Every structure is written in structure tokens, then in C-alpha cells.
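Listed below are the residues making up each chain.
There are 2 protein chains.
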Amino acid sequence: MNVLEIIKRKRDGKKLSQSEIEFMIDNFTHKKIPSYQFSAFLMAAFLRGLDKRETAWITNAMLYSGEVVDLSEIPGRKVDKHSTGGVGDKTSLILAPVVTAAGVKVPMISGRGLGHTGGTLDKLESIPGFRTQISLKKYRALIKKHGLALIGQTKEIAPADKEIYALRDVTGTVESIPLITASIMSKKLAEGAESFVFDVKTGSGAFMKKLNDAKTLATSLVSVAKKFKKKSVAYITDMNEPLGNYIGNWLEVYESLKVLQGEYVYNLSELSELLSGTMIWLGGKAKSVDEGIAIAKDLIKSGKAFDKFLEIAEAQGADVSYLKNPSKYPKSKFGEKLVLNKSGYVKSIDNYEIGMAALELGAGRMKAEDKIEPKAGVIFNVKIGDKITKNSVVAELFTDDKTRIDGAKKRIESAIKVSKDKVKKVKLIKAQIS
Amino acid sequence: MNVLEIIKRKRDGKKLSQSEIEFMIDNFTHKKIPSYQFSAFLMAAFLRGLDKRETAWITNAMLYSGEVVDLSEIPGRKVDKHSTGGVGDKTSLILAPVVTAAGVKVPMISGRGLGHTGGTLDKLESIPGFRTQISLKKYRALIKKHGLALIGQTKEIAPADKEIYALRDVTGTVESIPLITASIMSKKLAEGAESFVFDVKTGSGAFMKKLNDAKTLATSLVSVAKKFKKKSVAYITDMNEPLGNYIGNWLEVYESLKVLQGEYVYNLSELSELLSGTMIWLGGKAKSVDEGIAIAKDLIKSGKAFDKFLEIAEAQGADVSYLKNPSKYPKSKFGEKLVLNKSGYVKSIDNYEIGMAALELGAGRMKAEDKIEPKAGVIFNVKIGDKITKNSVVAELFTDDKTRIDGAKKRIESAIKVSKDKVKKVKLIKAQIS
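So the sequences go chain by chain: A and B.
So that you can map any letter, position 112 of the first sequence is 112 in our numbering, and since no number is skipped, the others follow by simple counting.
So that you can map any letter, position 349 of the second sequence is 1349 in our numbering, and since no number is skipped, the others follow by simple counting.
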């Protein structure tokens, strides 16, 4: 087999065989194909496309570039969730303990935030002592003992994805649905889960701004899961406004604790319940998603979900006194209220800008090596359709670096459009694909 | 300006600006853009295309990556020819002295053979003592004194092309008409010529196998020449059978000497006369191409063209006794006659295989660093439409390495298809574009 011939075949729109795809992925990962050839291949794949079978084969080659965790000796079904990323999306922190409390195992390997979206790992690490850099051996032990584990990518998991993603990032080949699918699925399939819930975001704060692109990605994820004989459900959910009101790492942990302790938070509670209910159903602990949702609500009401969160946090090294008593957590040096000086109804929110404002305050990173400030972020008080007056505090900004406030404020100000006419609330769940 | 944004714009089918194109070419050539980004850009350009303006801008950026020779102080018009390469194509050796003898200046910078096609430089260097690695200063002096120079690419000429071609060669981005155009024209425009004749080959022994592709390339070459205010004529000519009968470096010099001394060789004489006549006309020494052809024939008949060849060969260091008395040249150790054991009419020739047979015998190179054997090659005795019998010697094979004979023989045997029915001769000149 010959690299150049394979590049040319994809360039000419031919379908590749499984062995050709394996040859490319394996040899690139082992540095036997130079990056300049692989990037030409990626661009050809980007522009010519990859069909369902090719996507599954790329996923497979990337998956088996590393360790594939086998959790079959641990009793019970294992279910995980994947979100394509959004602003204020802290559902993982809520659903993981809820679903585990329902008796389903949750093997969860998460990523960090990049750009305008947050990452579960950064949120967890804002809890003093919480360790996410954990070996796969310890990961397995945590699931066995506690029913769940909330860890970060290890170098054994799909190393090909890491190499390929780094190259895609600098060669204009990120926004390819087959390549995105392979990247997500190669990591998810390595975790040891049997079923998945995919939360594919759409809207101004999502990577897939258009509903149709989100649907295509959701269909692609479900299709690859099926090829690996994994059951899955994908929801297309709204990202035109933040989930909940808190954006920033510790701020999001704080809001998750509120939900886990029974507080109702608009759109965040609803989505967390739906995802939890679906996972409980996939995990065999409910006869329907609706029954799963009812179970999830009960587990929150009874305090069992909150207890499970304390349990896993403690097992992963956290000082749980901060979770029991969040007021103990240090405060940002600067807190600034934002008033729009407009009255009317919130017509639209450029949610990307809200995420970027939080990032600017210190909550996120533009480059992988940037440091984040766990306390920093935004409390964003309004949703589309809300009525505001000239004095409404639409947001509160938190940071340790005063120079960052102005830029963040401007982003939020220009992101919110207000109308004199009444505006309908957005629909949270746009579609379901399975 | 940002590399990634430019890659994405081309990926998405956008037209690039001149400054974007210059940014890419300049920074890649100065190693400020890594090859993995440039190869993704090349693949995007390959698949999305480049329009006439983009092609001219790429040509311009590549041209001015190096030295652009100015011959304006040398009196008389300067005309050069470029061929896209073929099997047995030794027209440069014939037309250069003919056209110079007519009073036109011929500044000719040629390349080496690669793959199944020969290169003018390798042919010239088969003449003992003939030097082609000559400085641009000496090049200018040769044209001033002798009216022509037959030299090789220097490192000052379009260095960007060398870098880019090396990357295209290993990333499946060679066969792009705009990129081929820019590669050819950036080198040709650096030579100092004012007009060009393009000989674009089509058929089994050409790079452009299909007539339409050859026409597109010819149109693209003429169009870029026009953008640089250079007059040009392109011919689409047949490459379904070798030009003349001799294939291999010294063998082709030998056949050129025969033509320069007045011998008529089927298809080679006709093409050499047409190209010479067109150059003489472009050079202002004839009122029409036909008049140019008549002048060319006269210059051969009178011996002036042959004398000019001896003159430039001597000026470039050759031992001209080999040209005056070719029988002095060493012979290959092995010479093998090929009989097909078939009778009928030659229906088709896979001319690529004839070129590859000569290469296998030692006349060419697969990789740039391969050494060639100047004596090696094939005398190929038949043309399409020729009648052959069971005993016809269709070819003679020459090599110093006996082990190479069998493979070359098989290539030639399988390349020739014979028919019981009469077969028409091929048309040499397929089209003219100007």
C-alpha cells in the first residue's frame, strides 16, 4: 500500500477500503507518514467526504491506536453522555451522580474547555483537591466501587485522535462531520460504556450553528455507535442562550450543587432531567425515558444524587467541605453588575459572545496552554423572552483582573438584542435521533 | 494575514486576493509556513481550483521568488519553446540551432527527464564535455555571442517552484492545471524570452492523456503568458507514438544530428519544422509560420543549422568530434532485436510503456537521484498504421545491464497492438491555441 496512491484516491472522490484507512491512521500515528502528506489527505477527506463505513473505519483505527477499556467484569450497564459543547453546560456534573444513584454505571472521560465553551474537567478541578488526572487502573477501580468516575483523557486513550486533531486544528480541517464523529467516537468507545446519550448543541453558542449540521452530526454519531453495536440516543438541543445562569468553572459547580439539592433552574434542570432519564432508561433501570426522568427527580429530591456527588468527589481527592458549604470558597477580587439601560423583551443573545466574555474574564482559554482562573466568570440573569427594564441587572461579571472587565462587558452588551414586542421563549429540545 | 484563514477560504471555494497568494508563496518559500499547512492549501487549491487571475498571481509570486533575467539590452527578439514532455521528443535540439540560425535569439533553460519522459539536459549532457550547469551571467554572455544558450535550471530561477513542486510530488497535488501552469510559466518567464511556443502533448505517452485536458492546459499557458504581455502560440500535438525512432539520450542526439543534416524523419521532422517556423515568425524573421517553416528547411539544407549546433556545443564545452563523427561514440554492451511474431497493421502503441522500457534499460530515472546511462535506450522502428510481418524487427534495445533486457522487452511487446485491418496514421497536430 502506498500513501500517495491513497491520497490520490480520496482526492479523486473514491471510497477507501478499511485497510487503506488503517494504513493511513496507523502510519501517521507511528510517525511513518509525514504530517505534510497526512494534512493533504485530511483536506481531500474534508472536501470529498467520507461515507458511513469510512467514518466507522477511521473511528476504529483511532480507537485501537490506544487502550480500549473493558468494563465487562463490572456488573451493570455502563452509560455515558457526550455533549458537543456549549456555554454554561454543566449537565455532566448533575447527571453523572443522578444516573449513578439510579444504579447505572457512568464511566466518564471528559475534556477541557477550549475557546468559548467550557470543559467538564476544568469545572471539576475548580473544586479544591479534585483530581482528574487518574490512571485507567484507578478509573476502573472507581467505577467498581462508586459506580462512576469523572476523569480526564489519559495518554493511553486514542492517541491517534490527539495527533490528528492537532494537525486538523492548524490545517483548516476541523469542521468535517465525519472527522468530528471519528474524534468523538474513538474516545467515547475507549471508555468501556455500552450506551451513549449525545447532546448535540445548535445555535449561536454551539460549534454547529445550523440545525441541519447538528442533525447531520447527530445522525453520524448514532450511526457509528450502531456500527460498534452500541445503543445510543442523540438530542439536538438549544444553545442560543446559556444553560442555567452561571458561566465559569466554580460558578458552574455552584449552580450544579443547587440543582442537585433540588433547586429548579430554567433550561438547565429540564435538560439535566431529560439526559439523566434517557441514561437511566438506556442503563436498564427504567422502562421508558419518562420513567427515567421521574426516577431522576426522586433521586434529587431524596438527596441521594447529591450524596453520590459528594462520594465521588471525596474518592477523587476533593475537599468536600467546599461542596457542603460553598460560601467558604474564595471570591473574585472584582464583581461588576451590568445594566443595559434598555427596556423591553430579550429578543436574541449572541451566546458565543457570552462564552467569550467569560473566557476573557479568566474562565477559559484560547490556547491549550493558557491558565484559567476557577473563580472567574459571569452570572447571566436573562433568557430569550424575558422582560427587562432600564435598571435590570442582566449580568454580573467576576474576575481577579480589573483590566478584563471592560472588554467582557462590551461583548455582553452587544450580544443582547432587545425588542419592544413580546418574544417567545426558545424551544430547548429541537429533535431526537436514534 | 493569517495562514489558517487563507486555507479555509480556498477550502470553501473562495477566490483569493493577490496579497493572500503572495503571502502564502513567499512565506512557504522562506520556511515561515510549515509544509503541513502548505500541503493542505495545495489540496484545497487542487480540488477547489484557481481561476485565471489566481493562476497568474501564483505564477508571479513564484517568478519573483528568484532572479528574473533581463535580456533587453541584447538586440533581437528572444523566443523559447516549452514542451510538456514526451517519448523521443528531441525537438529542442533541432529547433534551437535552426531558429538561432534564422537570427532569432533562443534563451533556453531546460529540465531533466523524470519518469517515462526524457529531458533536454540529459540529452545534451550525453555529448562528451557538454556543460549545462552554467551561471546566469555566462548564460547571458552565450546568448549575446552565439544567439542561444542551452542550460539547466539554476538555483536563482524560481526557487519557490522547486520547493512547491517537491511538496506537490508527495502530496497528490501534481495534476492540477493551474499549478502546472504556474510551475511552467514561473520558470519560463524568468528566462528573459518575449514570446513562447508551447508544445502540449496528448496521448498515451503524454502527462495529459486526454485531448481536453491538453487543451485546457494550453489555454491556461497562453492566458498566463498574455497576462505577462508575452505573445505565445500553443500546439496540441500527438504523443501516442514516439517522436522519431530513437529514445534514449545519446540515441536522441544522434537522431537530431541526422535531422539537422537534412534527413527526413517521420513526425519528428514535421514537428521540428512547425515549431521552428512558429518561433522564427514570433521572432520577427518571417511574415507567417509557413514562411518560417520554409526558412527553417533552408537553414537545414544549407548546413547553417548544423553549424550553429556545433558552435553552441563547442561554446558549452562539448567535444564536437563526437557530433561530426557519431560512430566514434561508445556502444552499449548489449543490443537486442525485438521481433513480435505477429503480422498485420500496428493499431496502437502504449507509448508510456515505450518510455518506461527505455528508462528500464538505463535511459531514464524514476527518482531524481537515479543515475542515467547515456548510451542506453531503444530504437523503435514502427509507427501506428505501419504494416509488420512475423519477422519485422519492431525495436532494438540497448543497455549495459543484461538483466534489464527482459523487462523492457515485455513492456514493448505488450505495448504494441496489431490489427488485421488497415489502420490510419495518427494526426500529429491536433489543435492550435493562441
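Simulated from the structure, these hints should not be mistaken for laboratory data.
Bear in mind the structure is a predicted one, so any value in this text is a computation, not a measurement.
Please note: incorrect hints may appear among the correct ones.
Stated by the list, open to error - Straight-line alpha carbon distances no greater than 25 Å define the calculated DSS-like cross-link-like pairs of lysine-lysine that follow: (1) B:K1383 to A:K367; (2) A:K14 to B:K1209; (3) B:K1014 to A:K8; (4) B:K1383 to B:K1328; (5) B:K1409 to A:K14; (6) A:K210 to B:K1425; (7) A:K209 to B:K1155; (8) B:K1301 to A:K8; (9) B:K1430 to A:K32; (10) A:K8 to B:K1210; (11) A:K226 to A:K427; (12) B:K1367 to A:K31; (13) B:K1367 to A:K15; (14) B:K1210 to A:K209; (15) A:K8 to B:K1162; (16) A:K162 to B:K1008; (17) A:K15 to B:K1209; (18) A:K15 to B:K1387; (19) A:K8 to B:K1367; (20) A:K8 to B:K1328; (21) A:K31 to B:K1145; (22) B:K1337 to B:K1226; (23) B:K1155 to B:K1032; (24) B:K1031 to A:K367; (25) B:K1008 to A:K215; (26) B:K1425 to B:K1215; (27) B:K1008 to A:K367; (28) A:K210 to B:K1008; (29) A:K8 to B:K1425; (30) A:K210 to A:K425; (31) B:K1383 to A:K8; (32) B:K1337 to B:K1301; (33) B:K1301 to B:K1145; (34) B:K1032 to A:K31; (35) A:K230 to A:K215; (36) A:K32 to B:K1014; (37) B:K1210 to A:K14; (38) B:K1031 to A:K32.
Hinted pair B:K1301 and B:K1145, Cα distance within 25 Å | This hinted pair holds, its Cα atoms lying about 24 Å apart.
Holds or violated: B:K1430 to A:K32, with C-alpha atoms at most 25 Å apart = 45 Å, violated
25 Å limit on alpha-carbon distance, applied to hinted pair A:K209 and B:K1155 = Cα-Cα ~49 Å, so violated.
Restraint status (C-alpha distance of A:K8 to B:K1367 at most 25 Å) = 19 Å, holds
Straight-line alpha-carbon gap B:K1337 to B:K1226, limit 25 Å | Cα-Cα ~48 Å, so violated.
Take a quick look at whether A:K8 and B:K1210 sit within 25 Å of each other, Cα to Cα.
-> Within the cut-off at roughly 18 Å; holds.
Restraint check for A:K32 with B:K1014, where alpha carbons must lie at most 25 Å apart | With Cα atoms ~33 Å apart, A:K32 and B:K1014 exceed 25 Å; violated.
Is the hinted pair B:K1155 and B:K1032 satisfied, with a Cα-Cα distance of at most 25 Å?
-> 20 Å, holds
Within 25 Å, alpha carbon to alpha carbon, are B:K1337 and B:K1301?
-> Roughly 33 Å between the alpha carbons, so the hint for B:K1337 and B:K1301 is violated.
Mind checking the alpha carbons of B:K1014 and A:K8 for me, to see if they're no more than 25 Å apart?
-> Answer holds: B:K1014 to A:K8 is near 23 Å, not above 25 Å.
Going straight from one Cα to the other, do B:K1031 and A:K367 come out at no more than 25 Å?
-> 23 Å, holds
Under the criterion that the straight-line Cα-Cα distance not exceed 25 Å, is the pair B:K1210, A:K209 satisfied?
-> 43 Å, violated
When held up to the earlier numbered hints, the structure conflicts with 1, 4, 5, 6, 7, 8, 9, 11, 13, 14, 18, 20, 21, 22, 29, 31, 32, 36 and fits the remainder.
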